[in-house]
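Chains as they are written, first to last, in my numbering: chain A, 1 to 923; chain B, 1001 to 1923.
With a straight-line cut-off of 30 Å between C-alpha atoms, the simulated DSS-like cross-links for lysine-lysine are:
no.: 1; chain 1: A; residue 1: K363; chain 2: A; residue 2: K389
no.: 2; chain 1: A; residue 1: K91; chain 2: A; residue 2: K262
no.: 3; chain 1: B; residue 1: K1768; chain 2: A; residue 2: K262
no.: 4; chain 1: B; residue 1: K1535; chain 2: A; residue 2: K698
no.: 5; chain 1: B; residue 1: K1650; chain 2: B; residue 2: K1874
no.: 6; chain 1: B; residue 1: K1363; chain 2: B; residue 2: K1389
no.: 7; chain 1: B; residue 1: K1650; chain 2: B; residue 2: K1582
no.: 8; chain 1: A; residue 1: K698; chain 2: B; residue 2: K1698
no.: 9; chain 1: A; residue 1: K768; chain 2: A; residue 2: K640
no.: 10; chain 1: B; residue 1: K1582; chain 2: B; residue 2: K1874
no.: 11; chain 1: B; residue 1: K1698; chain 2: A; residue 2: K535
no.: 12; chain 1: B; residue 1: K1093; chain 2: B; residue 2: K1262
no.: 13; chain 1: A; residue 1: K389; chain 2: A; residue 2: K411
no.: 14; chain 1: A; residue 1: K352; chain 2: A; residue 2: K363
no.: 15; chain 1: B; residue 1: K1262; chain 2: A; residue 2: K768
Label-pair distances were calculated between CB atoms; the ranges are:
no.: 16; chain 1: A; residue 1: A463; chain 2: B; residue 2: R1696; range: 28 to 36 Å
no.: 17; chain 1: A; residue 1: A632; chain 2: B; residue 2: R1386; range: 46 to 54 Å
no.: 18; chain 1: A; residue 1: A434; chain 2: B; residue 2: S1691; range: 42 to 50 Å
no.: 19; chain 1: B; residue 1: E1766; chain 2: A; residue 2: V683; range: 48 to 56 Å
no.: 20; chain 1: A; residue 1: A632; chain 2: B; residue 2: K1262; range: 31 to 39 Å
no.: 21; chain 1: A; residue 1: G533; chain 2: B; residue 2: R1696; range: 20 to 28 Å
no.: 22; chain 1: B; residue 1: R1696; chain 2: A; residue 2: E838; range: 23 to 31 Å
no.: 23; chain 1: B; residue 1: E1838; chain 2: A; residue 2: A632; range: 18 to 26 Å
no.: 24; chain 1: B; residue 1: E1838; chain 2: A; residue 2: V683; range: 33 to 41 Å
no.: 25; chain 1: B; residue 1: E1920; chain 2: A; residue 2: E838; range: 45 to 53 Å
no.: 26; chain 1: A; residue 1: A434; chain 2: B; residue 2: R1696; range: 36 to 44 Å
Derived by calculation from the structure, the hints in this document are not laboratory data.
Nothing here was measured: the structure is a model prediction, and the numbers come from that model.
Think of the CB as a built atom: it goes at the ideal place given N, C-alpha and C, for glycine as much as any other residue.
There are 2 protein chains.
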Amino acid sequence: MSPARKASKKKGGKAAAPRSQKKRSASRKAASAGETDRRVFSFGDGRADGNSTLRELLGGKGANLAEMTNLGIPVPPGFTISTLVCGEYRKKKGKLPAAVRADVLTALANVEQIRGRKFGDPEKPLLVSVRSGAPVSMPGMMDTILNLGLNGVTVEGLAREAGERFAFDSYRRFIQMYADVVLDVPLDRFEYRLEHAKLSRGVTLDTELEGADWRGIVQEYLQLIEQETGAPFPQSAEEQLWGAIEAVFDSWDNARAIAYRKLHGIENSLGTAVNVQSMVFGNMGEGCATGVAFTRNPSTGENDFYGEYLENAQGEDVVAGVRTPQPINDASRTAETAELPVLSDTMPDVYKELEKIYRRLEKHYRDMQDIEFTVEQGRLWLLQTRNGKRTTQAAVQIAVDMAKEGLITRKDAVMRVDASALDQLLHPALDRSAPLEVLATGLPASPGAAVGRVVFSAEEAEARAKAGEHVVLVRAETSPEDILGMHAAQGVLTARGGMTSHAAVVARGMGKCCVAGCGVLAIDYAAGEMRVGDKVVRAGDWLTVDGSTGDVILGELPTVVPELGESFEELMKWSDRIRRLKVRTNADTPEDAEMARRFGAEGIGLCRTEHMFFDPERILAVREMILAHDSASRQTALAKLLPMQRQDFKGLFRAMDGLPVTVRLLDPPLHEFLPHQDDEILVVAEALGLSVAELRAKLESLHEFNPMLGHRGCRLGVTFPEIYRMQVQAIVEAACEISAEGVKVRPEIMVPLVTHAGELSLLREEIKQVISQVRSCYPDSRVRPSVGTMIEVPRAALTADVIAEHADFFSFGTNDLTQMGYALSRDDAGSFLPSYVEQGVLEDDPFVSIDEDGIGQLVRMGTERGRTTRPRLKVGVCGEHAGDPQSIRFFAAVGIDYVSCSPYRVPVARLAAAQAVAMEGAG
Amino acid sequence: MSPARKASKKKGGKAAAPRSQKKRSASRKAASAGETDRRVFSFGDGRADGNSTLRELLGGKGANLAEMTNLGIPVPPGFTISTLVCGEYRKKKGKLPAAVRADVLTALANVEQIRGRKFGDPEKPLLVSVRSGAPVSMPGMMDTILNLGLNGVTVEGLAREAGERFAFDSYRRFIQMYADVVLDVPLDRFEYRLEHAKLSRGVTLDTELEGADWRGIVQEYLQLIEQETGAPFPQSAEEQLWGAIEAVFDSWDNARAIAYRKLHGIENSLGTAVNVQSMVFGNMGEGCATGVAFTRNPSTGENDFYGEYLENAQGEDVVAGVRTPQPINDASRTAETAELPVLSDTMPDVYKELEKIYRRLEKHYRDMQDIEFTVEQGRLWLLQTRNGKRTTQAAVQIAVDMAKEGLITRKDAVMRVDASALDQLLHPALDRSAPLEVLATGLPASPGAAVGRVVFSAEEAEARAKAGEHVVLVRAETSPEDILGMHAAQGVLTARGGMTSHAAVVARGMGKCCVAGCGVLAIDYAAGEMRVGDKVVRAGDWLTVDGSTGDVILGELPTVVPELGESFEELMKWSDRIRRLKVRTNADTPEDAEMARRFGAEGIGLCRTEHMFFDPERILAVREMILAHDSASRQTALAKLLPMQRQDFKGLFRAMDGLPVTVRLLDPPLHEFLPHQDDEILVVAEALGLSVAELRAKLESLHEFNPMLGHRGCRLGVTFPEIYRMQVQAIVEAACEISAEGVKVRPEIMVPLVTHAGELSLLREEIKQVISQVRSCYPDSRVRPSVGTMIEVPRAALTADVIAEHADFFSFGTNDLTQMGYALSRDDAGSFLPSYVEQGVLEDDPFVSIDEDGIGQLVRMGTERGRTTRPRLKVGVCGEHAGDPQSIRFFAAVGIDYVSCSPYRVPVARLAAAQAVAMEGAG
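Just chain A, with the same shape it has in the complex (with noise of 0.2 Å):
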């Protein structure tokens, strides 16, 4: 798993815990107002001693059932022993009290009426399932035994009522989990000698196995238990319920459970609930049955009531799909499953119960629910019921059919779908259906999935793209110089570089797919071949990426674009009238700026205008004005590019009508213009009269060692203020232009870099001397450029009360942020990073979601000093952070204005701002 994957779960379980906790001290206070003599539960046949609001009392489990009983659910009955007895087990060191055992015998009474059977009865005996449940969800980290009851006499009761093989595989089973939990055998004898049961009968699998078989196997395991313990095994079920109970208690303080306490920072003296429920059989012959339904369509989220279910089955016979399960009704029915008999038509009664009850448990839980249930003998009993896991599809429609339906408010509406997820639906995903071939996996660096040729160069991609090929890029890694190549190629894949590495950030920008810092790949591009392992993909093999998981897959395999339905829509409506975080765009050429618009941007926060640089038709000129020996020569260069950027931003403000424009100023360092590869450096040394050395000289002079520190950003406005005074006039008289065509333009001058007040001051002054000379040959236009900068430097942040003298607005840049807060060169991080994670050193790649405890505060401090200055500054973020919902929430609670991202995560950036206003106050 990639550390950004790993992260972004742990992310969710840590912003999950203020939840819980607030309920559980709900819930502390409501079992101080009158609850607290009594230690045992009952529920069952609609009522139950406790609810949901118990949970410190009851445990997690005892309070959902007690809830489900009481909404009038058929629960198989059954009591739960509270918290406070294990407080007080464990303070008598492990011994149960009398008043406790008194009233466990009462419950199990109750239990035995409800069911018509009797604990440890020869003919109808009554079996148990014992199970622990603390307040807060410790999975996996405490015991289970179910079957408890059964013994030498119920177990033929049993076999006559279900049969042979079942009664006593069920009783072989209870005996090992019994001996597990309880009686400290460990499990491998049992495996053992089930292994060479089967062996001895010549088969493989259990099931092969008949009743006899298991009755002999019934009988080792028993002589085993006496040989281990120098015990018989417990026959009096009373007997076998203490032991269990007090084990689930004992369990507690098994070592697992204090160390997951003690990682997750739970009390040790909450303690752990003993649920004892009655067992249903969904496999005791007729009128027997056992399935698992969604309240509705899990996958497309229409609401329609959903599942699948076994005739004379366990649950885990479902699951283990050794049968074809059945659809419980026809909206279930698939392709596969069209012809088989349906639960509506086979029980019709049963299908009439469970409706009623999948619209009352909805209802109630206000959620899609994914619940397990059991028929035994014509009775309907549910097993259990939770939020259902849907698609992100299945959340949107669901969520805003439910907020229509009044079941929740719009704003649950909104909480109820996962915005990181949000773009899957905006790309083009592969169909994972088909077969595969997974040739490696990288870092999932851009969603989407890309199918094409392999190229091994930009040149490549751009020239068989304009032969109508489809192409896949792949590169060790990507440069500016890639850029015209990775737009024509249908995906990029490189073997180095982290998620915001550049073929990460640029791809991602595009919404192009991209899987990076695929390591295993070795490449040569002599050969013209890449090879992983013994396998070898030349240039020209199919290949298909996808950049939402990271594989690379030999081939061509299908893939589908999934539609944006009105929910979507309608969804995203919503979060606009919640949200106050304003939500623009990265884009530097009219197309991205027009889909973004589509997507819902509210303008461009960042347009960089080096992207127009590399156009083959200017490139020449942009080297010529770099390699220009005076002012005058660099000037002349530059009047050839002057109308060319005039025309992009010509047609930005067109696609923007009404919307404001933030372009920054010339950013990267000169040296990303020139040509480093010998031919290259031949071809362009020709192009402009020079010779080879002096071409070479002038890249060794501009060579640096910590490009990301040296001379770029407002650091050439200063040198070479030709630059930012071309660019400068070609945005202004663009926009004099196009407001004459009846346009509204609003234009934001960026500028990058800015350290020290002094550089603003000086570029401010010169930027607005360029603005009134262009103003004064369009004296009618309304064109009033404002001029910020970029706060993406750390001294920048700590000193930006003085900045914001010479800003109409900030924008944070928190990629450079973190790289120069955090010391990380995030092309260089890859060889480290990894190791971190590994270690559990960071917990985050802070280039996903922002450092909230170190560069967070580089971006408040920044924020609110900005303000003590200008009070009404406007404060935006830019960069790879402001399309991630945890840092937008961030942003939003630092009192940021708007985010500007890569026109793909516009919905993203949308729906979690009007999570953040949602979640405010929730912790």
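Based on the hints, put chain B in the right spot on chain A.
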């Protein structure tokens, strides 16, 4: 001037500002205490109406003149028209109040009486100067008129007294100044006439003109003024006086003065005073003289009256150097002036009076004075006294002497020496009296002077040095591979890099002279030569470099090594008693450590273990370690290094017996240890039994885009734990073994580049483990190494409270903190930083003095937050800023415990730390 020097000059000015403000408010108080009625303040003949506390009213100059008069110093008499009158004059729009006119005439009569001359008198005319004098110094901003009182009549009287030439030259000077200041006639008109006169008389120098010539020129000037102004030049002395006084008041509001005040934040309402003072002349013939003197020797600081004079001359003649001045006494004789008559013989009474005066002045001003005097017809007049400039050596001597004499306190003495100049005393200096040809000038990166033959490679430097030659290493830039060559050379010269480039930092650490960033050098390694313009310097040519000025000089110049006298030791002792900040040193070898200890270092604050890795005997093992394919082979290589490192540490610990030694674990990126040149790669590949391709592949894989933000520092420790384990083992073993010999060892282990508390937590555990493993082998040892961290990443400072949980001490690496916080790679800043300083964007190079406004916040935050967790946390600063006096004052204010600087900066730091204490409360 380099940015650094410019910066330190400006700072000096800034630091002085609060003091003068303080004085100003004191003077305001005195003024309000009773003297406010008086508008004209007389001085002369031992009596003055004002004194030095009335600066607000009298201006700086007026207050000083009054003060000197009150001391009984024979100042030419005069009077000061107060700043209040300036206010009234400005309010009345240029009209001098009648009462003031009356007071002026009264005061003038007083002057006439003292001088025995009359204003406008045809026989013995009184001439006066009229000068502005504001409460705050505004040098050159306002006007001055000399010789006022001359007209057609008085000039003839003066001619009779002092000759025609003198009288008419004085008159034409007066006309010219008056015309410029009062009548607004452009100066160039006069220049033209003067040039014309010289041409027509066939001479080129003013001094070649005779009295009659000047008489003619005066006539032309008078005509010119009448032409230009339409009125004759005012012939009434009184009219001249009013015109001059009003012009001085007007000059307060001229454009230059307004701009100056705006720039320096001086209130417009202050106003200027006007000083009218009798002229005195040292060139009126017999019994006349003029001279300058220092109350102590400004070069050596010896307590001897020291000066020179010229008979029958004006002050400007002494300065102009046309005639050789005579010594005032025997102590002032030089080889050149050994035979000349001295003032104490030629004018014994005057000399005796001068002696009395200088003693009185020194006692009063409590500092060595630089005085100007004139003898007019046998009468001594003091024109000026001010604190005298002196060499650093003299400054030390004078400060210590004066403290011993009881003239000043020891604290005062400590404040009297410019700490940043102190290391001049420790390095050899160029004998600049020898003729020299400056080839080029770079940055004065490490002080001292070096003479040697040019070599262009570190290897050659080593080879030739071993052969006993003196060499100067010339490189485009240096890298860690050059360290041994740098050590072998007398000095280092680089074409690229700033004050904190590798060459500069390492050279300063070694106390080796270095000129860096000498951009005009075009080095051709292949040809073995460098060019500056059309000059060619070849390998083997003699070169002299002056690291204190940045000069690169052709040829072999003599150098002198200054002696450190007793006074220096005394001053250091006093500093040590005053300061609270401890001073440690950065040292990697026992030799450096011993030298630093002699300079007063109180421990090692930074031992860079990697410097030990470049030794030719070790580098192979280091490279094996880097190229190891797995942990086991890495350990094999490390095992070879272990005994060597242990030996290193033993040496250091021995040298630092009783003092703490902070050892920083490996910090630089591994690629720095690998060869990069083709030929070297070949050699290394062979030595390691690798193919060139393998070695190249490793190099390629270690390449980083931004190594500063890459895989270095503790990131190496996290990813390759064996390296740090070996280093810790070496440290602790060395400590235990040495301590068994009776040496007191106090090792401190320091983890570099910590960004996140998780890193330190993990590494600290491992380090503690190794410590206790080693210690278990030396059960008797009392060695208890502490474990701390560098704070050099912005995030570490921001989260210092959490990091402090795992650190026994902090040491700020303010170099890296500046690089990251400022987004400024010190190796790359050369391409734009000069332009920044030129354009006034930055005042200071943030690598020379810490940027208090920005990076300083991180230091303060890190210290304060660290101490919220550990109130007694020891906090140091290592790196360049630790040796910079201005930064040291800041660190002292923040509450840092110690600074650690290169050995030669230790005395600087000791003094600066004492000054920080002495300045407390002084604002």
